[in-house]
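The task is simple: from the sequences and hints, build the whole structure.
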Amino acid sequence: MKRRDFIQLAGLGTGAMMLPAFAMGKNVAPEALLAPGLDVAVKKRLADAALNAAKAKGATYADVRIGRYLNQFVVTRENKVQNIVNTESYGVGVRVIANGCWGFAAVVDAKSEAQMAKAAEDAVAIAKANSKLMKEPVQLAPQKGFGEVSWKAPIKKNAFEVPIQEKVDLLLSVNNAALTNGANYVNSVMFQVNEQKYFASTDGSYIDQDIHRIYPQFNVTAIDAQTGKFQTRNALSAPVGMGYDYLQVNPSDKVTGITTRYNKGYDMLEDAISAAKQAKQKLTAKSVEAGKYDLILDPSHLWLTIHESVGHPLELDRVLGYEANFAGTSFATLDKWQSKNFQYGSKEVNLVADKQQIGSLGAVGWDDEGVNTKKWDLVRDGVLVNYQATRDQAHIIGEKESHGCSYADSWSSVQFQRMPNVSLEAGKKPLSVDEMIKDVKKGIYIIGDGSFSIDQQRYNFQFGGQLFYEVKDGKIVGMLNDVAYQSNTQEFWNSCSQVCDERDYRLGGSFFDGKGQPSQSSAVSHGSSTTRFNGVNVINTARKI
Amino acid sequence: MAILTKEEAKKIIDKVLAYSKADEMSVSLSGSRTGNIRYARNSVSTSGETTDLALAVTAVFGKKSGTSTINEFDDASLEKTVRRAEEIAKLAPDNPEYVPMLGPQKYLDINSYAESTAKITPEYRAQAAFDSIDPCVKKNLTAAGYLEDSTGFSAIGNSKGLFGYNKATSIDFSITVRTADGKGSGYATRDFNDASKLSAKATTEIAMQKALASSDAKALEPGKYTVILEPTAAVDLLQNMMRSFDARSAEEGRSFLSKKGGGTRLGEKLFDERVTIYSDPQNAEIPGSPFGGGGGGRMGGGGGDGRPQQKVTWIEKGVVKNMYYSRYWAEKKGVEAISSPSGFILAGGTESLADLIKGTEKGILVTRLWYIRAVDPQTLLYTGLTRDGTFYIENGKIKHPVKNFRFNESPVIMLNNLEAMGKPMRAGGNLVPPLKIRDFTFTSLSDAV
Numbered sequence: 001m002k003r004r005d006f007i008q009l010a011g012l013g014t015g016a017m018m019l020p021a022f023a024m025g026k027n028v029a030p031e032a033l034l035a036p037g038l039d040v041a042v043k044k045r046l047a048d049a050a051l052n053a054a055k056a057k058g059a060t061y062a063d064v065r066i067g068r069y070l071n072q073f074v075v076t077r078e079n080k081v082q083n084i085v086n087t088e089s090y091g092v093g094v095r096v097i098a099n100g101c102w103g104f105a106a107v108v109d110a111k112s113e114a115q116m117a118k119a120a121e122d123a124v125a126i127a128k129a130n131s132k133l134m135k136e137p138v139q140l141a142p143q144k145g146f147g148e149v150s151w152k153a154p155i156k157k158n159a160f161e162v163p164i165q166e167k168v169d170l171l172l173s174v175n176n177a178a179l180t181n182g183a184n185y186v187n188s189v190m191f192q193v194n195e196q197k198y199f200a201s202t203d204g205s206y207i208d209q210d211i212h213r214i215y216p217q218f219n220v221t222a223i224d225a226q227t228g229k230f231q232t233r234n235a236l237s238a239p240v241g242m243g244y245d246y247l248q249v250n251p252s253d254k255v256t257g258i259t260t261r262y263n264k265g266y267d268m269l270e271d272a273i274s275a276a277k278q279a280k281q282k283l284t285a286k287s288v289e290a291g292k293y294d295l296i297l298d299p300s301h302l303w304l305t306i307h308e309s310v311g312h313p314l315e316l317d318r319v320l321g322y323e324a325n326f327a328g329t330s331f332a333t334l335d336k337w338q339s340k341n342f343q344y345g346s347k348e349v350n351l352v353a354d355k356q357q358i359g360s361l362g363a364v365g366w367d368d369e370g371v372n373t374k375k376w377d378l379v380r381d382g383v384l385v386n387y388q389a390t391r392d393q394a395h396i397i398g399e400k401e402s403h404g405c406s407y408a409d410s411w412s413s414v415q416f417q418r419m420p421n422v423s424l425e426a427g428k429k430p431l432s433v434d435e436m437i438k439d440v441k442k443g444i445y446i447i448g449d450g451s452f453s454i455d456q457q458r459y460n461f462q463f464g465g466q467l468f469y470e471v472k473d474g475k476i477v478g479m480l481n482d483v484a485y486q487s488n489t490q491e492f493w494n495s496c497s498q499v500c501d502e503r504d505y506r507l508g509g510s511f512f513d514g515k516g517q518p519s520q521s522s523a524v525s526h527g528s529s530t531t532r533f534n535g536v537n538v539i540n541t542a543r544k545i
Numbered sequence: 001m002a003i004l005t006k007e008e009a010k011k012i013i014d015k016v017l018a019y020s021k022a023d024e025m026s027v028s029l030s031g032s033r034t035g036n037i038r039y040a041r042n043s044v045s046t047s048g049e050t051t052d053l054a055l056a057v058t059a060v061f062g063k064k065s066g067t068s069t070i071n072e073f074d075d076a077s078l079e080k081t082v083r084r085a086e087e088i089a090k091l092a093p094d095n096p097e098y099v100p101m102l103g104p105q106k107y108l109d110i111n112s113y114a115e116s117t118a119k120i121t122p123e124y125r126a127q128a129a130f131d132s133i134d135p136c137v138k139k140n141l142t143a144a145g146y147l148e149d150s151t152g153f154s155a156i157g158n159s160k161g162l163f164g165y166n167k168a169t170s171i172d173f174s175i176t177v178r179t180a181d182g183k184g185s186g187y188a189t190r191d192f193n194d195a196s197k198l199s200a201k202a203t204t205e206i207a208m209q210k211a212l213a214s215s216d217a218k219a220l221e222p223g224k225y226t227v228i229l230e231p232t233a234a235v236d237l238l239q240n241m242m243r244s245f246d247a248r249s250a251e252e253g254r255s256f257l258s259k260k261g262g263g264t265r266l267g268e269k270l271f272d273e274r275v276t277i278y279s280d281p282q283n284a285e286i287p288g289s290p291f292g293g294g295g296g297g298r299m300g301g302g303g304g305d306g307r308p309q310q311k312v313t314w315i316e317k318g319v320v321k322n323m324y325y326s327r328y329w330a331e332k333k334g335v336e337a338i339s340s341p342s343g344f345i346l347a348g349g350t351e352s353l354a355d356l357i358k359g360t361e362k363g364i365l366v367t368r369l370w371y372i373r374a375v376d377p378q379t380l381l382y383t384g385l386t387r388d389g390t391f392y393i394e395n396g397k398i399k400h401p402v403k404n405f406r407f408n409e410s411p412v413i414m415l416n417n418l419e420a421m422g423k424p425m426r427a428g429g430n431l432v433p434p435l436k437i438r439d440f441t442f443t444s445l446s447d448a449v
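Keeping their order, the protein sequence lines are chains L and U. Reading the first sequence from the start, the letters are residues 1 to 545 in full-length UniProt numbering. Reading the second sequence from the start, the letters are residues 1 to 449 in full-length UniProt numbering.
The hints are simulated quantities; they were obtained by calculation from the structure and are not laboratory data. Nothing here was measured: the structure is a model prediction, and the numbers come from that model. For every residue, glycine included, the Cβ atom is placed at its ideal position computed from N, Cα and C.
Each computed BS3-like pair below joins lysine-lysine, with the alpha-carbon atoms no more than 27 angstroms apart: (1) 229/L with 332/U; (2) 132/L with 57/L; (3) 132/L with 139/U; (4) 286/L with 224/U; (5) 63/U with 80/L; (6) 15/U with 106/U; (7) 292/L with 218/U; (8) 160/U with 64/U; (9) 135/L with 57/L; (10) 183/U with 336/L; (11) 218/U with 336/L; (12) 264/L with 254/L; (13) 286/L with 260/U; (14) 374/L with 428/L; (15) 132/L with 138/U; (16) 399/U with 218/U; (17) 544/L with 259/U.
These stretches of chain U come out as covered by chain L in the derived footprint (C-beta under 8 angstroms, 3 or more residues): (18) 31-41; (19) 45-59; (20) 85-95; (21) 254-265; (22) 372-384; (23) 408-415.
From the derived model, a few chain L residues whose C-beta atoms are all more than 12 angstroms from chain U: (24) 114; (25) 252; (26) 258; (27) 273; (28) 341; (29) 346; (30) 380; (31) 398.
Structure representation (structure tokens):
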């Protein structure tokens, strides 16, 4: 039996869905989510106690993360509230280098200097014990201290300040809208997260950060009892690094077309109505004929392809083999990067990593090892130019400083290399979606993310979607069903022929991206404009049982 | 402190229940000690140990419920937690699907605890890592592995007199071995309740052998092939199918078990007649939890509502015999509330994996399936890839390694295309035989090693 099973048995993981480990804190009353955390002066005093104790025991480097993690999940189906979960998790993680080796210790509810010092001493003892098995000492890229600084996500409305009743009312009205427009069943959920993180290190940084994320999501099901068939359609929302302001409807945030999509504000009610109608429409949509098609991929779909085929393979720890037993390694090996001419994609393809993008899930001021965040190129004009690295990896790719990619999903987890926001730059030439479609003779226009699978070195992938439209001679002619495309990462990105301009640029993202053993969850955004890929292999997924 | 005895746990639960002012109250108390060691590139990367002891109180007024949790156990903290649960419950919306709590239950005697696992030390874990890394270093191979052990207890009680207690241990070990040139990769995994059954060295040797044998794989055209799925490869697809045995989804018309025109396929023959799948919490090789539906096991679902786990046959000779229910749905339908299992057993044959290979004229041996995702819930179509050791079999012998494939296949179709089953072995908390399947659908090739 695993730890999470015990937690679930204890009733902490109640609800319709399996929540990730980071969500597990104490169940609290909703008001507790608005109570202030420790004062910054207290946190500095606690942090100094740990840093001083670590140094006294012989650590050459130490960092402390004092974390308060708040979550609220509202879960409904049809006309019922299934679950409301409010959790708070507070504790401290201390990481040190001693004898050239990492050591880590964490303590729940630490609020005294004695507890902090003990955690630091434990971490040093573990580092010293681990150093007996060490092969190469840790090489940390230099990092200047920033003194006492802070960063706060630029949210307009803290979601925790919105009464639960208002969220329940919204979700139930969304469900009702779906049901009255033809859906047989509907589930909806609102995930809200606030990370209050204080970081201090022996480099002289004391960083206080306040991070917010929100993810409204639903799934509608339409059933044809006669044929026994059912179809679903998920929300076209994105998880975002915003407050409740994401749910303020603003006409300028809507992208009109064959179906409405959303940018910085999400009209959940309107989307639910479309979803119900489209789920019904899918029941009678034409089954796709397998073959080669030009694909026109909406940002609500393409984010996931970027995530899997660019984000993960360019994680330096994967490239080096640290994830070999679980997530896998990477085809994007160091020799390909060193050659300076590895054509990851066509000349249209520019992929950037960005830890600063406003409204994104990955935006922070500093990462979880005190590195100020930045933006850098991964693929420029189609050529592989860089990876994602942390302080102890920077030297491997000959860099003098970290990329700021360190993250831990809890005070109790060890920070390690996690994906920054990775996005496809908008096309430089003016190009709208309509203009792009006009040029396509035989294509499929895909909106929304669906089934996804990729091999352990990130070569071969298969993706589904939510909505598929057949394009013939420059026109959308109808809806398709049973569509999935299969390709090879390098072949796929080299088939990229056009990217719409920045007017169409939108973010998608993953709220629960898993990596590591034991597994940690992180949230990351991926932006793009609608993009065309030529001659991609499409399979028909219909079966009879 | 993390592992309380039955008496210690009952004392705390009774104390909590005595503070209750709610219509109904349930308490669950659990504690665990979990340790792990992780290594890659032939070197230990992280290791640690966590202990946890937590209490959750659920208070109910009418159809409103609220849960509060704590990890402090003095009288004042316990009472505060009860009051907080009651406050949260009063503010909660009505749950129209609320079902009153169960009274006292009779639970099966299950032995899921092994002292050998409970006694594991950091030195044991380091030794296991060494036993795994050392032979790889000697053969110029690269090891990446993970070992996790857990010892825990779980106790439940409620204001209607229900009480249950269980102690369990587990150990999970997985190892990937790669050749220095990156052209070969092998994998092996084992899980047990009793750590004395695990040999990190012997498990690593399997992965080493597969890594060396899988170098320089040849490409075969994708298409339909006879495959032999090792238990480690078969378990994930089967587990996904067993997670779809929910009666409510089937009756609502959105499951592979829904029937055209309404109703379910209960009683229909959906699989080859040799297919029998059941769960048995008292099976000595995969002991389950005595209570708590699937919530305490690896299958998810169920929840800790205190229902006794029992022996259930899900598929008998290819016929769907049972589905699992929430208590609400069972009451609404007037049927027994069978809970989801913590593990399943696919009754197999007596042949070994080697026997199955020997009896195969042409086929592909699959060690592991990876990144399995649902493509169509209507037909349970899944996609994914082979990984870490895929071989071509000809005239009863492994001929050469083959490049990895992507598959698109449904476990329902697979269990109709059954050729043979070997002797079951434990895989991820289930008992699964190696399966020989004809016409398994590979849709493309992967360059991944």
